[in-house]
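J.: Single-letter residue listing:
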Amino acid sequence: MKSWMFFTVGVVLCWLLAGCEGEKPLESTRTTIDVWFHTGQPAEKAVIEDQVERFNRRQDRIYIKLTLIPEGDYNTQVQAAATDNKMPDLLDLDGPYLYNYAWKGHLLPLDNLVSPRIMAELLPSILAQGTYRGRLYSIGTFDSGLGLFGNGKKLRAVGARIPSSPDEAWSIAEFNKMLSELSRVDEDGMVLDLRMDYRGEWYTYAFSPAVQSGGGDLINRNDYQSSDGILNGPEAKAVLGHFQSWFKKKYIDANTDAASFTTNRVALSWCGHWEYPRYKKALGDDLLVLPLPDFGEGAKTGMGSWSWAITSKCRNPELAMEFLEFLLEPAEVIAMVNANGAVPATRTAISLSPLYKPGAPLNLFARQLEENAVPRPRTPAYPIITSVFQQAFQDIRYGADITETLDRAVKIIDQDIRDNHGYPDIGRAAKDRQGQ
Amino acid sequence: MKFSRAKFCGGNEKRMEELTAWLMATPAIFGLVIFIGLPFCLAVIFSLTTLKLDSPLPVEFCGIEQFQRIFADRGFRQALLNNTIFAAVVVPLQTMAALALALLLNRPLRGMIIFRTIFFMPVIFPMALIAIVFELIFAPGPNGLLNGFLIFLSNGHWQPLDFLHNPHTSLAAIMTLSIWQGVGFQMIVMLAGLQAIPVSLYEAAAMDGAGRWQRFVHITLPQMRNTIIFVALVTTILAFRLFDQVWILTQGGPNRATTTVMFETVRAIFKRQDVARGAAMSVIFFMIVLTITILQRWLAKEKREIE
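Residue numbers (the numbering used here), protein chains in the order written: chain A, 388 to 823; chain Z, 568 to 874.
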């Protein structure tokens, strides 16, 4: 009996050891860098897998170990890993969540790691979003573009002026008049698509630029200590009042089937670069790419997308940066944006991109990032700000009193900032900034 | 049992029996302490602090401030109210529907097992799947399934509604799909209760000339009393736990018309990173469930005393 047990244990042990031995030989001789990447679009996933494989083959010091995590749960997973001290070396983060991680000390500043050549190449929008309290914490390989997609036939039918650059954007009065004219000749009167089929971050990404264009904002950006008088100021109220009136007048298509624009139900779709391929296919030459309307203080638009950050857990930041710089080479940036349609993050890549170079159909989005795009608030309070704004926008959509809704939103944001003592520099994040 | 106990009931034996009982109960008690007792104590402690999710700031004790804030928050009060309305409507409706279904399916008919399976099926489906199916049923515009059906019924007079996003209909829509999903489980419990009623009672009643309705009122209902109380209790607790449907379909909207205590708790912790606030909410939630349970125990006990 006993010998039989020893035998079994022995066999199992041998098997386990053999299993370990059989692992990829690459790992043993090289330094492993753990990398996390979100997976949303299948094309994006294929590109990153290919990039990792090529990088692993072209040098013999670094082994990139890629873990793919579904987009829907990504932030929760990263937050859980951070709480549990199980972050990878390098990971991509969804836009403005970055500042919260940076404040908590989970990320390493990159400005001393990245080469000046790459720094000079990056779009200002990429640097703006990656910076928190004076230090660069993340670098995206692509950015996003937000605007209005127009149905040329429908717009020309009501004699609408077609703006071609942000400074020619429709004024809000012009836009309102156009909506009412479009609605009068439309079959069901619903002429504008605000992508109400999206949820979560979309609301803040897409509609806070409108608030900024009207002269309001989500928070006072001088010190990021309060939203009072900013998010519930007269400017923000006026902008959200326009949105509420569009819903009340039934201009907005609920778009539950995500096809209101492609099936010609609406004349305008407030949307991002990612829908360009599908819209282009549906409308062909009738598709127009337009700036968002100007709510008073000049047209503004959104920016920001997924971007790479090195965690404070990483023991070989230079090696992680080597992989990141590989991803920022023009050919690699182009490979990624060809898959997801996003705006390339480097100037060279833009000049090479058939979609974004000057004169190309989406050049407006590249121009906007240099001219009138606003980063979402760079504060660790962002997760709270966005969740409150999303809720407020939803409430206003369904007819809630604007003043009351925004006052309540401000109260929650201000209370959170007070609860966190104004998000002071603390722990290792403070040390990083002192060592600057 | 009674006989053997009378025979061997020495003092030593009894103590041994007690010891065995405790020994047998140990795993369950251990589980209760680890998975219910400890988390609850932690929740109470957290709710008295300023604990945030993964914050570098030191945690501070703040007394009952979290509770004061929660009760001052219109969203949370609305959530409590929604849960109460939901329970007040769903519990009686679902319990009655379950009893009716159980009566219907408690007949010695051929193929009855198939019907029982069909009615039980929604319980096995994940809520996410059911929510998506009902999203299609409740779809706005004349092409939505329910709207289309109502237009057909009313000969074109029905004005299509956006059921899930209309403040007047959204909670009712959530109730409908919840009842549809949950009724199967209650039905099975009721069926078990029905089958435990001795047939002799019905035979005796029939011989005394009692009609169907009289047999139902005087035999079935009294015999089912404890089962019905149990079903109502479980449904009430589930009603207060309402979350999945809301998360998937309405996100608490429109205008908080479908927000619930559970939904507010999850949002507090995972969207606002406010662990203390979420903990305080779950303490309140626990108190509500505890009160309901004690009430049910008390009701059921009265019954036993009458017997």
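Derived from the structure by calculation, the hints contain no laboratory data.
A portion of the hints provided could be inaccurate.
What the hints assert, rightly or not - Keeping only pairs whose Cα atoms sit at most 25 angstroms apart, straight-line, the calculated BS3-like set for lysine-lysine is:
no., chain 1, residue 1, chain 2, residue 2
1, Z, K838, A, K473
2, A, K744, A, K667
3, Z, K581, A, K473
4, A, K798, Z, K619
5, A, K818, Z, K868
6, Z, K838, A, K798
As the structure is a computational prediction, the values presented were derived from the model and not from experiment.
J.: Against each hint, give a clear statement of whether it holds in the structure.
T.: So, going through the hints one by one against the coordinates:
As the CA atoms of Z/K838 and A/K473 are separated by approximately 21 angstroms, the hinted pair is consistent with the 25 angstroms bound. Of the pairs offered as hints, the one joining A/K744 and A/K667 holds, with about 18 angstroms between alpha carbons and a cut-off of 25 angstroms not exceeded. The suggested pairing of Z/K581 with A/K473 is violated, with an alpha-carbon distance near 53 angstroms, which exceeds 25 angstroms. Restraint check for A/K798 and Z/K619: satisfied, since their Cα atoms lie roughly 18 angstroms apart, inside the 25 angstroms limit.
Between A/K818 and Z/K868 the alpha-carbon distance is near 64 angstroms, which puts this suggested pair outside the 25 angstroms criterion. Annotation: proposed proximity of Z/K838 to A/K798 holds, straight-line Cα distance about 16 angstroms (limit 25 angstroms).
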